[in-house]
Structure formats: structure tokens, C-alpha cells
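J.: Sequences and hints are given; from them, build the entire structure.
Chains as they are written, first to last, in numbering that gives the first Met the number 0: chain B, 0 to 448; chain L, 0 to 448.
No lab work stands behind these hints: they were computed from the structure.
We put the beta carbon where it would ideally sit given N, CA and C, even for glycine.
Check the hints yourself; a few may be wrong.
[As the list claims (entries may be wrong)] Simulated pairs of lysine-lysine, BS3-like, Cα-Cα distance not exceeding 25 angstroms:
#1 B/K441 <-> L/K66
#2 B/K372 <-> L/K372
#3 B/K372 <-> L/K50
[Stated by the list, open to error] Footprint (simulated), chain B over chain L, 3 or more residues, beta carbon under 8 angstroms:
#4 53-62
#5 253-259
#6 290-300
#7 320-329
#8 366-374
[Unchecked claim] Negatives, chain B to chain L, calculated, CB over 12 angstroms:
#9 K100
#10 D256
#11 T288
#12 R348
Number of protein chains: 2
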Amino acid sequence: MSKRFVVIGGDAAGMSAASKARRTDPDLDIVVFERGRWVSYGACGLPYYVKGAVGEIEDLVAIRPEKFIEEREIDLRTRHEVTEIRPERKTVKVNGNGQEKEVGFDKLLVSVGASPVFPEVPGAELDRVFTLHGLDHGKKIRGFIEEKSPEKAAIVGGGYIGIEMAEALYEWGMDVSIIEGLPRLLTPFHPDVSDVVESHLSERVRVNLHEFVEGIERTGGERLEVSFGDARLESDMVIMAAGVRPNVGLAEEAGIDLGPTGAIATDEYGRTNLPDVFAAGDCAEVTNTVTGEADYVPLALTANRDGRAIGSTAGGDPTELAEIAGTAVLKAFELEVARTGLAVEGDAREAGFDPVSITINAPSRAGYYPDPKRIDVSLVADEESGLLIGGSLVGREGVSKRIDTLATALASSMTVSDLERLDLAYAPPFGPTWDPLLTAAKVLSGKLA
Amino acid sequence: MSKRFVVIGGDAAGMSAASKARRTDPDLDIVVFERGRWVSYGACGLPYYVKGAVGEIEDLVAIRPEKFIEEREIDLRTRHEVTEIRPERKTVKVNGNGQEKEVGFDKLLVSVGASPVFPEVPGAELDRVFTLHGLDHGKKIRGFIEEKSPEKAAIVGGGYIGIEMAEALYEWGMDVSIIEGLPRLLTPFHPDVSDVVESHLSERVRVNLHEFVEGIERTGGERLEVSFGDARLESDMVIMAAGVRPNVGLAEEAGIDLGPTGAIATDEYGRTNLPDVFAAGDCAEVTNTVTGEADYVPLALTANRDGRAIGSTAGGDPTELAEIAGTAVLKAFELEVARTGLAVEGDAREAGFDPVSITINAPSRAGYYPDPKRIDVSLVADEESGLLIGGSLVGREGVSKRIDTLATALASSMTVSDLERLDLAYAPPFGPTWDPLLTAAKVLSGKLA
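T.: This is the structure we're talking about:
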């Protein structure tokens, strides 16, 4: 009898695992339970769907369910919710099609994702208060916009999603306000980079920092009124974009250990403390490239990659997970903004480093080449070892891929002086002779010496 | 009495060395002899000056001579030609201002650059046959175009300069023909990448491969006639862009050893075989990152960086030169084209590797994001060690910086499997979840396994 690999959750990590397990072991019995109706979708595309840059919500589905079922011979069950994991019996309890049943597994992957953090303020449950996490959320928001033509929007949270949604709603002609509790936007980025983003955003939307939403009320009409500090802001819609937290309830109840970040703890193969039970994606921890410690980085590539590695392992080819530098990029109106590693001195200090950082700016093209843009590069190093430990970049061009050079340097534990010596590409349309990264490394080297 | 550092040649390597030596040792006596009238200029900008995208030739001068003289206290002598190096006396003989004199040195840097290869064909000396190497060449070509409004141009050579000049002359509305002796364009790039460039160029200019120019004649009027194979091509101007060779005459006469590439051999500090005599820039060899062997890579960053390191050393702070991966990028009309390391299987085999290569294509943005462009990624690895040894990329966006990730991977001797595990940035406007580099690494891993 063939072995069975059961996957709970059919998005990035889960479907990557199922697909890779199939390629690794053609005889494996593979079952995926997904409680919703969508699988394998690009949640990162949701702001662009809301914006209208992506036509149909179905465009965000990377691979159709039939393909998994027919071509990859994966027993994919949507609208099936796993309500319990029974590790001692090696089964899961599943509700679907109005029935409850118990299904055995040889190996199990918990890839149940994360949920939006919903600030507990009065009025958060009102109709026109949205989150943006799954495809149905996206459809609901765009449907609302198309139907009601809202004029004013409030966005609670100044992180990736908050900023991408600000751009999306601004494109619809709305008067947009961002309300962020911390003193700056994009806190995992260096403050110098956050400042550039704030100043750019402020030309288009209202940015309220260090402000906590205290309540949301319905006005006389259909509008909402959002209170924070001394302000009362009228708004036709509110987007809650205050980050996500891992879905760990099901795992905890089964006796699966959580790690220091609050997500599911795993070893280098993605194994939990329970035998033959793995976890990956937005519900699980990863190992940070720079610190070597557990970290929580709910990003798409991590989920895809870790799912794929666990699929290999489940199929009989043990494969270690990759370490994660937390490399990320976002488009913020006209800006590209990117980060990797420990990009903020405070975070580096907390992780036990003695951080030194610099920020420089440089042109994105040779000075004489038409239309150069300004790039700001911020680097963080450890004073004692001279190791590069993180970086952030912002600019109108040439940012989204430059961060990958830093991520690669982090993966090989380069010192700032190693970075300074890299043979990077040069041509006048694409940068100055000394790439901004090299210039930043030179300046930081000077400060370390 | 203070020590004297003499520099022969006042462009990238020479002026970088002089400036860095000044910062390192404020008391050093620093003399630079430059035989021409220009110093510290961006030769890489010449095609864009010819194109008209850069207004004045002076815009290409990075730092004015007065600044070196007044602010940096460098005794810069333009129009001074060193005619002899006398190592036993530690002097150089110099002609300038109509006088010849002999100047002593404690340390000497030979940074005399390279000269264009001029194919020895009948008619190559004719008036309307140009090369593009120094600023005066650039002025002459643009002056000619502005005055004579040429309609047809022939470019001999399908490398970096040939292609950049094809774009420049096409912008002036000319009917442009490239004539390349080898069977493909851009021979240091993977053939799959050359093919993409050839097909793109062929939509705008005539590309003649595997053809050698046999002669250039004047027609009855002012036009030239270029013969190759069975063809006779009428042309108003001819650009010779057949590469460069290092200027080594002065060094050879002084007993300085050349290396296997024909350029000046140096050690890890840029020292030649003669005591206290250094060489850097387009006249000198470098050490290749991948092979660890001598290589000839006449590019701007190499010259700047090696000059700077030698300036440090001359100033009393011994600094090793960086190794060079031969990373390069160029704009070819709408395309970005880039390479690093041993990007061609044949070159890798010659260097003693057992190369395996793949080429994949992938979109430059998430599939659902508007207007994705195609990127072709070609990687070369060594079969036995699994080491990445080179790569080439081509596409309409997202190429110029992606190559730097590969260059960084080469600098840390990553395997293909290390590359596959990199935590690169992802957001829908900037790439698919699995970056094209990661996809290429996955495919190459599969071929290596």
C-alpha cells in the first residue's frame, strides 16, 4: 500500500509541497485539504487587483485546481476544513461536503497560513471596514469601490500592504489617509529610507504617524468616522492593514510547539516536534540568515520554497530548508523600496550585534546620462567583525534588484570590505562607475576602520 | 625630502591612484603626466555623446584638471608624454612644453591605457574612417555627423562599442550596417543571449556576421565603399570598433614583463617585475575571480578600483587589488544585456572546467502584472564541483542589476545549489515569485544532479 502525504492548506507552501512530492515520488498518495475555495493564488497581487491593474481575480490563481487534480494526480479537496490533528493516531479530522471524517497520514504538512491582525477597536466589525488577505477580500473591496465610488479612505497600518493599498485607492481618485501607530512607516527598513518614503507618500496621501485608531463609528449617512488622537476623520471605507499573525490554533491543540516568535517551531527540514509532522509558510518560523535564529517572515518566496523542500522530503528525498534574510521589495507609488537582513540598528543590537550604519545617496545612472534618479542606500555592519548584516534601498529605479546583491552578500557572510571589492556591472545608462552599493560600502568601511 | 609618486597616464586608473595616494599621504609629492589634453573622463559615455544624449564633450569629464591641481595638490601635467622609463635610475624621460626632461620617482604607476585595434585593410586610413576611443575621437565623429548629415554608416565590430555606436548612429536616422568577423555578436556572452541581441538588432540595422572587411575605397563622390565577402557596401562613414589592445610599448622597452594575455603582468598589489613600478587600467592584467588566472578586462570599474588600491599602497597603506569577474552590461537599443564570469562553455572548457549550461526565459514581472517583459537567463556551472562559473542575461528590463547577484555569487564561490537557495526579493511589479535567476538555478541543478 502506498504511503499518504496529507497537506493542510492549499496555498503557496501547501501546493508547492504537494507538487514537489508528486514529482519526487510518483506513487505517493497525496491529499490536500483547503478550507476555502481558492488554491495556489498570488496574494501579493491583491493590491494590484484592487487598483484595477489586474483585470479578474482569477488572474491571480497561478495554477487551476483541475491541473493539480488531473495532471499532478493530487487529491485536492477545497472547502474541506481540518478541525483536528490526532498525532497519536496519525490522522486528521476533516469537515467537508457536510460530512466529518478521519483521514490517516504517513506524513503531514501544516501550511495553514496567517490571518490579518484586527485591532480591537470599537466599530472594527462595521460593514465598510475591510482587510485584504484572501482573494475573496480582494473581490469584496473592488466590488465595493466599483459600486459605491468611495471618495475617502483610511488605511490602518503603514507597512507593505498599507502602502500598496494607498497607491491602489489613490489610483481610484480617493483622498487617502494612512494611520500608523509607530513613529515611522515601514519599520523593518532603515529610518533614513522610511523618511524618503514618507516624504514621497505625503505628496499624494495624508500620512499620520504615531497615531492609534481608537474607534470607528457610523456617521449619520453611510460614511464612517475614524478617531485617533485629537482627530476625527470621515471616510467612506477603512482598510485594516496592521500585519498578520500565524494561524497556530490547530497546531497548538495537537501539541505542536511554537517558537519564540509565536509561529510554529521547525527544524532545518521543516519538522515540528511531532514525528512526521511538518510546518511551512505563513504559520511557521524560519531560520534567519544573519542571526541563525528563529524568525517569522511571512513572505511568498519563503512559503513556496519551504513547501517545495518539504515536498521533496515527504517524497523521500530529504531536503533542508533555505535560510531567510527577510529580503523584500515594494512599489510605493513612484518609488522602489527594498530591504534585507538586519536593516535597522535597533534590531541588530537586539540580535547581539554592535551595529554601525551609514546612508548615502548616489545617481542611478552616470551623472552625464539623461535623467538620472537618486538612490538612497543604507547599510548596517557589525563593528567588531566587519560583517555586513543588513541594508535598505529606496529610489525611482534600480532598487528592486540591487537589494538582491546585498541578500547574496549576506548569504555568504561577506564583510563590508568584501562587498566593496565586488566586480559589479557598469554602463552609463545603468549606474555610475562605482555602483551606489560600492560607494556605500566604501563609506561604511571608512567608518569601521 | 618627501617621496615622489609618478603616474604615467591621467585617466581612470591614473587619476584614481593619484587622488587616493593624496588622501593616504598628505605629504607625498604626486606628479601625473598625461600626453593628451583630457584627464579623468568617462570614455564609456562617448557613444551617448555621439548619439546626442549627452550635450557637451566636457560633460564626460568627471573631475576638472584644476580640481586635481588646486584641491588635491596633484602636479598634473597634460600634454606631457613620457618617452622612456629608466628603472635603474628610477626616472622617467618626459616631453612637454617643447622640452625634454628627466624626472625621478620613488614609486611609479604605468597607467597608459589601450588603443583601438585597427584592422590592417586597404583604405583604413581614409578620412571618413573613425575609431572611438578618446574624447577627441568622439568630438570628431559628432562634428562630422552634424556637418555632413551622413545617411549610411558601416561599423566594423559587433562588441560593446560596435553595438552602442549602432544605436547612436541609428538615432541620427542613419542606415547602419554592422560587420563582424566572428559568427556571432558579443562573443563573451552565451550564444543564446547573442542570438536574442542579433534578432533585436536586425529589426533596426543590418547585421553581417562571419564577414571580414577586405578593403575600403573612395567612390567617385565623397562616399566610401566597404568590401567584405561578395558584398560592396556604400557608406558615408565607417566606425572601426574591433576592440582594443593594451599600450605596452613603453613598459616593454623598460624591461617590464608582459603576461599571457599580452598586457602588463602584475602581482596582487599591482606591482610589475620592476621594483616600485606598478601598472593598472587598460594596459595591465587582472586576476580572474573564477579561474584565479591572469586575465585582460579593460573596463572602467577595474581601472578605477585598481588605481585606487595602488594609490593607497603608494601612499603607505598596502592594499590588494580586487579580483575581476569581467562583469559587464550594455544597452543595445531596447535591450539590457549583461554577463559575468565564464559565460560561454568554450571559454570555461579552455579554463579547465567541465561546463554544463542552460538557458531559460521568464517574465520580468508577475505573470498577471501589466506588461511583463521576457528575460533570458543563461548560467554555466562546473559539472564536477557544482560551482557556478558564469552567466549572461538579456531582456528589456530587470537585467542590469540581476547580473550583480551572479557576480556576487561568483565572488563567494557559490554552487548552483547555493544560488537556488538565495532569499531574493519579490513583489509583483519586479518579478515572479521565483526570480528568473532562481528558476535558472533550479533547472541547472536538475541537469547537474
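J.: All the hints need checking, so say for each whether the structure fits it.
T.: Right, here's what the structure says about each hint:
1. B/K441 <-> L/K66: holds, 22 angstroms
2. B/K372 <-> L/K372: holds, 22 angstroms
3. B/K372 <-> L/K50: holds, 21 angstroms
4. 53-62: It holds: at least three residues are needed, and the segment 53-62 of chain L offers 4 whose Cβ sits within less than 8 angstroms of chain B.
5. 253-259: violated (count 0)
6. 290-300: holds (count 3)
7. 320-329: holds (count 9)
8. 366-374: holds (count 4)
9. K100: holds, 34 angstroms
10. D256: holds, 24 angstroms
11. T288: Given that some Cβ of chain L is not farther than 12 angstroms from that of B/T288, nearest at about 7 angstroms, it is violated.
12. R348: It holds; B/R348 is separated from chain L by about 22 angstroms at its closest Cβ, greater than 12 angstroms.
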